[in-house]
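Line by line, the protein sequences are chains A and B. With the first letter of the first sequence counted as 1, position 86 gets the number 86 in our numbering; the numbers rise by one all the way through. For any residue, its number in our numbering is found by taking its place in the second sequence, counting from 1, and adding 516.
For the record, the hints were derived by calculation from the structure and aren't laboratory data. Nothing false has been slipped in among the hints.
Once the Cα atoms are required to be at most 25 angstroms apart in a straight line, the calculated DSS-like pairs of lysine-lysine come out as:
(1) Lys111/A - Lys66/A
(2) Lys485/A - Lys541/B
(3) Lys759/B - Lys364/A
(4) Lys541/B - Lys400/A
(5) Lys545/B - Lys400/A
(6) Lys135/A - Lys541/B
(7) Lys545/B - Lys364/A
(8) Lys364/A - Lys541/B
(9) Lys364/A - Lys799/B
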Amino acid sequence: MSKSPNKKTKSFTTGVATLAAPAHAAPVPVRDRTLRFNGRWNYSPAPEAHTDIKVRPRYDLFIDGKFVRPSSGKYFPSINPATEKQLAEIAQGNAADVDKAVKAARRAYEKTWGQMPGRERGKYLYRIARLLQEKIRDLAVLESLDGGKTIRESRNVDLPLVAAHFFYHAGWADKLDYAFPGRRPRPLGVAGQIIPWNFPLLMAAWKLAPALACGNTCVLKPAETTSITAMHLAEIFAEAGLPDGVVNIVSGFGDAGAALVNHPDIDKLAFTGSTEVGKLIARSVAGTRKKLTLELGGKAANIICEDAPIDQAIEGIIQGIYFNQGHVCCAGSRLFVQESVVEPVIRRLRNRLSVLRVGDPLDKNTDIGAINSREQLDRIEEMVASGKKEGAELFQPSCKLPARGYYYAPSFFTGVTDSHRIAQEEIFGPVLSVMTFRTPEEALERANNTPYGLSAGIWTDKGSKVFQLATQLRAGVVWAETYNKFDPASPFGGYKESGFGREGGKQGLLAYLKFE
Amino acid sequence: MTRQAPSFGRVDQIMVEERAATFTKRSIKAESKLEGLRLVFSMLDLTTLEGRDTPGKVMTLCHKAMHPAPERYGVGPVAAVCVYPNLVRPAKAFLRGSTVHVAAVATYFPSGQSSLKTKLEDTKVALEAGADEIDMVIDRAAFLRGEYGKVHDEIAAVKQLCGAVHLKVILETGELVTYDNVRAASMLAMQAGGDFIKTSTGKVSPAATLPVTLVMLDAIREFFFATGIRIGMKPAGGIRTAKQALQYLVMVNETLGDDWLTPEMFRLGASTLANDILLQIAKCIDGRYQSGDYFSLP
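Take these sequences, add in the hints, and give me the full structure.
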């Protein structure tokens, strides 16, 4: 044999460097059994080209098919959270503008949209869906600029789902009579819709597509930090020839939202946002004829059983809590891990966090973009400080955050109990609370021990256990062996303080229909 | 040295495929592209495994392995050439004085459908001819019948024969079909003494895929955490383009990290891939694509 006896330490030169890592050396002692991610091979910046996509210096209100100045004459700045620079000025709508919008919507409901046969409405919705699909890249870039979410997610998740929602509901428009056998569905009238900043276009689509398919007209109020794409959506409605007044978009602050909630000529209110505001809205609407659906906060349990495929469960945890910087109402923010697998789960989670790339949302390789606003970043920092103060142990990978912009490293807490604030309150950021359990019964009891009930996740290799747990979890959506999967055909909504009513699927249509 | 791996563990098909797909979404540009291409080139096992292979053909391959492209492209030699046992001796002769290893397939490659005695004899032929590395196949028939002990013992016997010579264990994942099987076979191969685990012979389709490789990398990590031994990985077959090769590199980079980003711990088995990588390297340096005729055939 021509083997040299000292082969184990022999090195050889490659095109890159001289490497001498004997594969078959003695076992690495336990304390050194770590993986290293120090960037032996780094990725160069890969920014999405966007010079061809124009952000206008100023955005007006969209009322009765036209872009109009706000009656206050005031505009407020919209900040790019990745750079802290002003992107554009947004019209500050007030009660007078809301009133104009509601009147336009009422006219459109009575004269055009409410009278139109379903198949005609469907044609408009299909046209909108096709236009959205054509403009996915442009809208994705705008969404990332305005909200700080990564281009990877806005282009691959948000925008395709936006188009899918319009396609899906376009299909319902002429089939409503068959959807509810023996009953005659009729539209409600004018819908007031208030949406959050975490998925600006997607939430607009979730609200507008079913309302329009069912024959209602809409007044939509986007969140103040993310109004830009809503106005580009308005342009698409205009391009699709949607009759004037069918959709009206009024940007502004809470006072505009309150004016919409309290407007006497609204038949239906749909709100997605915080539980706190949701409760205020429920109080205002009480005793009126207005129908209401609320999609509010959450503190979802993601349950990892000992028989789960661990490496894939790790991916589920990542998707569950770090998707969209954790700005997700159904985020899997409470992780329950069975005690027998805690060590491998934590170890893998640490490794996995070390390869998440935090930074410029427009870089195609960025996994975690910018936190939506200074205010939200403060909230996250305050919650993390409370976690530390209450004795939980924080892990953050050593990642370099950009000097400017609102960023937060992906983080998780161990040593958390059910009574920690970080286990009870919604953080709405990339911060996970890890807790342990001994039996599935215990996991179930603790998962349900929350005022919320929006979503939950289960990880086990046993199908029987999935069904057993899923039927007893009090959450509107339960994912098994996956997390944060959305589809227009699948209804979404909460239990308890996570709200009521469903969006998506046949169930979602009920929120915009009455029966004669 | 005791090698005690934990239980095989399970794999979720949908999630593993979803995760594997994320590695194809990384955008590798500019400096990182050139660096990645050079690194991946240094990890190649330039392979010829045909019935018609002759010393002449092997000489061509060996020369390509040592001098792949004009010097200005800064491409070093590949890690190894991979040939049948019969051709180890000429390959060793051609490669004398270079850093390129000679790997030989053995153990009744590619089917493994023979007696252990024959398999060991086959391995011995390659070793005596001076092979630096042995690529063995597992007994898939035994594996699928649940005779894990037999699979294990055969690998252990071959490793014993190999001694310090590097042993790569080919699972032939295209015949194992399920990810659970791939994971179990990976664990068996590592426990039994393999230094590397390798996806495929290249004779069965599908050969290497990203999800299969991910399952094997996950198994390697688990084995490392449990035993402290770093096992190498070699996807082989079906990797034809530089773009695909970079996707594999991204996967290693983001799962096992720096310690596996070396030719000692990660290899790619391929034949046509080499020239596509060279073509891309030339593009990075010269700023334009060249005709394939400017690159010698392996």
